[in-house]
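S.K.: From first to last, the protein sequence lines stand for chains A and B. Numbering that gives the first Met the number 0 puts the first residue of the first sequence at 0, with every later residue one more than the last. Numbering that gives the first Met the number 0 puts the first residue of the second sequence at 0, with every later residue one more than the last.
FYI, nobody ran anything at the bench for these hints, they're computed from the structure. Every value quoted in this text rests on a predicted model; they were computed, and no experiment measured them. Each residue gets a CB set at the ideal place from its N, CA and C atoms; glycine is no exception. One or more of the hints may lead you astray.
[Said to hold, decoys possible] The calculated DSBU-like cross-link candidates involving lysine-lysine, where the alpha carbons are at most 35 Å apart (straight line), are: (1) B:K44 - A:K210; (2) A:K192 - B:K204; (3) B:K390 - A:K192; (4) B:K96 - A:K105; (5) A:K20 - B:K390; (6) A:K105 - B:K293; (7) B:K44 - A:K20; (8) A:K210 - B:K337; (9) B:K148 - A:K108; (10) A:K108 - B:K337; (11) B:K204 - A:K105; (12) A:K192 - B:K337; (13) B:K148 - B:K337; (14) B:K44 - A:K192; (15) A:K192 - A:K108; (16) B:K390 - A:K108; (17) A:K20 - B:K293; (18) A:K20 - B:K287.
[Stated by the list, open to error] Here are a few chain B residues that sit away from chain A, every Cβ distance over 10 Å (derived from the structure): (19) G40; (20) W102; (21) A109; (22) V124; (23) I132; (24) Y149; (25) G158; (26) G186; (27) D211; (28) F224; (29) V255; (30) A356; (31) A359; (32) A393.
[As the list claims (entries may be wrong)] If you want the footprint, here are the derived chain A segments under chain B, 3+ residues with CB under 8 Å: (33) 141-150; (34) 184-198.
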Amino acid sequence: MTTVTAPSPLTAGEKGRAGDKFFSGLTFAAGGLILVVLLFVTVFLVVNAYPALIAGADELPSQTSFFEYVWPLVLGTLLAAGLALLMATPVAIGVALFISHVAPRKLAKPVGYVIDLLAAIPSVVYGAWGMLFLAPLLVPIYDWLHRYLGWIPLFNDPSATGRTILTAAIVLAVMILPIITALSREIFVQTPKLHEEAALALGATRWEMIKMSVLPFARPGVVSAIMLGLGRALGETMAVALVLSSGALTWGLLAEGNNTIPAEIAANFPEASGLRYNELIAAGLALFLITLVVNLAARWIVNRHKEFSGAN
Amino acid sequence: MTTQKTPLEDAVSQPIAASTSTGDAPAGPERRHGRSRLTAGQLPKWTPYAVGAAALVLSAAIMALIGFNVAGWVIIAAIAYVVGMYAVTLIRENRRKATDGLWRNLIIGAFLIALVPLISVMWTVISNGWQGITQPGFFASDMQGITGKYDRAAQAGEGPILGGIAHALVGTLLITAATTIISVPIGLLASIYLVEYSNDNLFSKIIRFFVDVMTGIPSIVAGLFAAGFMLAVFSFFGAAPGAQTIGLSAAIALSVIMIPIVVRSTEEMLRVVPNELREASAALGVRKWRTTLKVVLPTAISGIASGVTLAIARVVGETAPILVTAGFTVATNWNLVKDWMMALPVYIYYQLTTPTAPQAPEPSMIRAWGGALVLIILVMLLNLLARAVAKWLAPKTAGR
């Protein structure tokens, strides 16, 4: 600073300073670009959905107003995802506990890897499996369910192909299982060792230790893992599009019918034009909003409990 | 049926009776040989095997009544085993031990249940897909000129199954490469901003939040966005509607999915780079951008590269966004910015839903399974590559 005429080598080099500015600007721009992209996603969905939202019933291809068109799809989406969640959650938490607290050390690592592989299998492969292998396999089971539990309206008129909402939900359950497992396992292994050892030292059995120290500690994390799994199941397209033989909304789990928003879009979008195009994008907007709410709720739960998790 | 029932049921009751009688012995004043007072109240070591055998026999008996099949046999045996173990422990030990054992068995059961679909999927794809990929010209030919006529002949056994996945492979490789080229620089730079430059200011918190939101975007919505965006861009430049259905649109859709994955994994990797390295570099008078490029990035490169590879593996299998942006075709298309383009997942989808010959779907199914096998192998290779890359590029730990 004192030598004005000959700056020291360290502060010399306007080039270096320019590089610094350029690089930090570049990284800032990249960060901003992400926000812009997300803004664009929202804007383009809204702009393209708008014509279908304001169009009258007689203008739309389905001859009903958009909301009449979309609510069976929304219900179908929620039904499939909810059923999948119902099936996947207990198993996923069990597997996560198996890896983190029950399995021998040597087994736990390869098992975790295998579960990760389950997550890596592309959805279209699950769809093909559900359509060509699982659905025919389930037909006799559905017949059996119908014969003995047919008095419950859920089990009315079983499909002859097995390609029903329940089959789709099973495939979805298989797909979200590794997601919930991986996230729950991460939380379970973070349980403070001292809590566990204290429980064991007081004479708790292994299950009592899990019940008293691991599960209370992990509850918010597991809830958010389930919500993220739900978000994934809601947005999953291919498995449903391939497995489900779609139709009108019905409460019969074993009957053909029902449809989900992503499957509806995938099946119809490539050939869509005019208002049909806008209608499908509006359906996509509805899906976007639903998954957004689910994901935000999951993040909110995690953040609310952040200070209690981890290092205490 | 009815004559078999009685001996089987006898066999069922025997092991349980046996376990009860041996369990009784240590409780008496005279200890049995080999059992100390410490293990006195416990079940003998062979109890699970005995209960397991009893459960298998009981289940076989039930299945014999209602019609035998292996799956039902195993399922009923498993339920009988869990219930049996609970009952035996409850009687011989205490409720707490019994509950412990029950939950332990249920957790192991959950794990075994989770294995079933994995094995089933892998088995189905490999056994069916093998037939597909061993067809002559499966990798070398596309579906151009393959009409229902050939498929009907193939199903009747009069000719080979023609057609292949060449066009889908080309499309998948091009689209994935374009996606990677778009996503990796943006994702890398954004995470560098988050870790190195932002000082956790409000802007970085917003970015981090919306990156989380982006990871939850359904893939089909990303596809819809790209379709709408490219339509707007193309109509702005006066192109005919429909011209936006190109491979590049799909790459943009997949980038929306891939960027947040890259940001998340890279950010984590940059955060674990020790601060001492940055400080040492700064102390030597190195500018921050050079420190970032020459010190921080090389240290974290193994994790970053493996995260990027995993992100590629994720987008390679995406179907829906490509379906709504790049369309589908039967011919090989090497041009990312012109005409519809096929990708492997879309190929599988279309072979399954719209067989080339609706009356003879068998050859289409075989092609779809072949495509599925290739896709799974591709994804698994990328996963393995990610692990290998993480190992190769890991910073040398020697000398510290």
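S.K.: All hints are to be evaluated individually against the structure, with a verdict given for each.
M.R.: Cross-check of the supplied hints:
| no. | hint | verdict |
| --- | --- | --- |
| 1 | B:K44 - A:K210 | holds (26 Å) |
| 2 | A:K192 - B:K204 | holds (31 Å) |
| 3 | B:K390 - A:K192 | holds (29 Å) |
| 4 | B:K96 - A:K105 | holds (25 Å) |
| 5 | A:K20 - B:K390 | holds (34 Å) |
| 6 | A:K105 - B:K293 | violated (38 Å) |
| 7 | B:K44 - A:K20 | violated (71 Å) |
| 8 | A:K210 - B:K337 | violated (59 Å) |
| 9 | B:K148 - A:K108 | violated (51 Å) |
| 10 | A:K108 - B:K337 | violated (47 Å) |
| 11 | B:K204 - A:K105 | violated (39 Å) |
| 12 | A:K192 - B:K337 | violated (59 Å) |
| 13 | B:K148 - B:K337 | holds (30 Å) |
| 14 | B:K44 - A:K192 | holds (29 Å) |
| 15 | A:K192 - A:K108 | holds (19 Å) |
| 16 | B:K390 - A:K108 | holds (17 Å) |
| 17 | A:K20 - B:K293 | holds (17 Å) |
| 18 | A:K20 - B:K287 | holds (10 Å) |
| 19 | G40 | holds (14 Å) |
| 20 | W102 | violated (4 Å) |
| 21 | A109 | violated (3 Å) |
| 22 | V124 | violated (6 Å) |
| 23 | I132 | holds (14 Å) |
| 24 | Y149 | holds (21 Å) |
| 25 | G158 | holds (23 Å) |
| 26 | G186 | violated (8 Å) |
| 27 | D211 | violated (6 Å) |
| 28 | F224 | violated (4 Å) |
| 29 | V255 | violated (6 Å) |
| 30 | A356 | holds (17 Å) |
| 31 | A359 | holds (16 Å) |
| 32 | A393 | holds (18 Å) |
| 33 | 141-150 | violated (count 0) |
| 34 | 184-198 | violated (count 0) |
When each numbered hint is compared with the structure, violations occur for hints 6, 7, 8, 9, 10, 11, 12, 20, 21, 22, 26, 27, 28, 29, 33 and 34.
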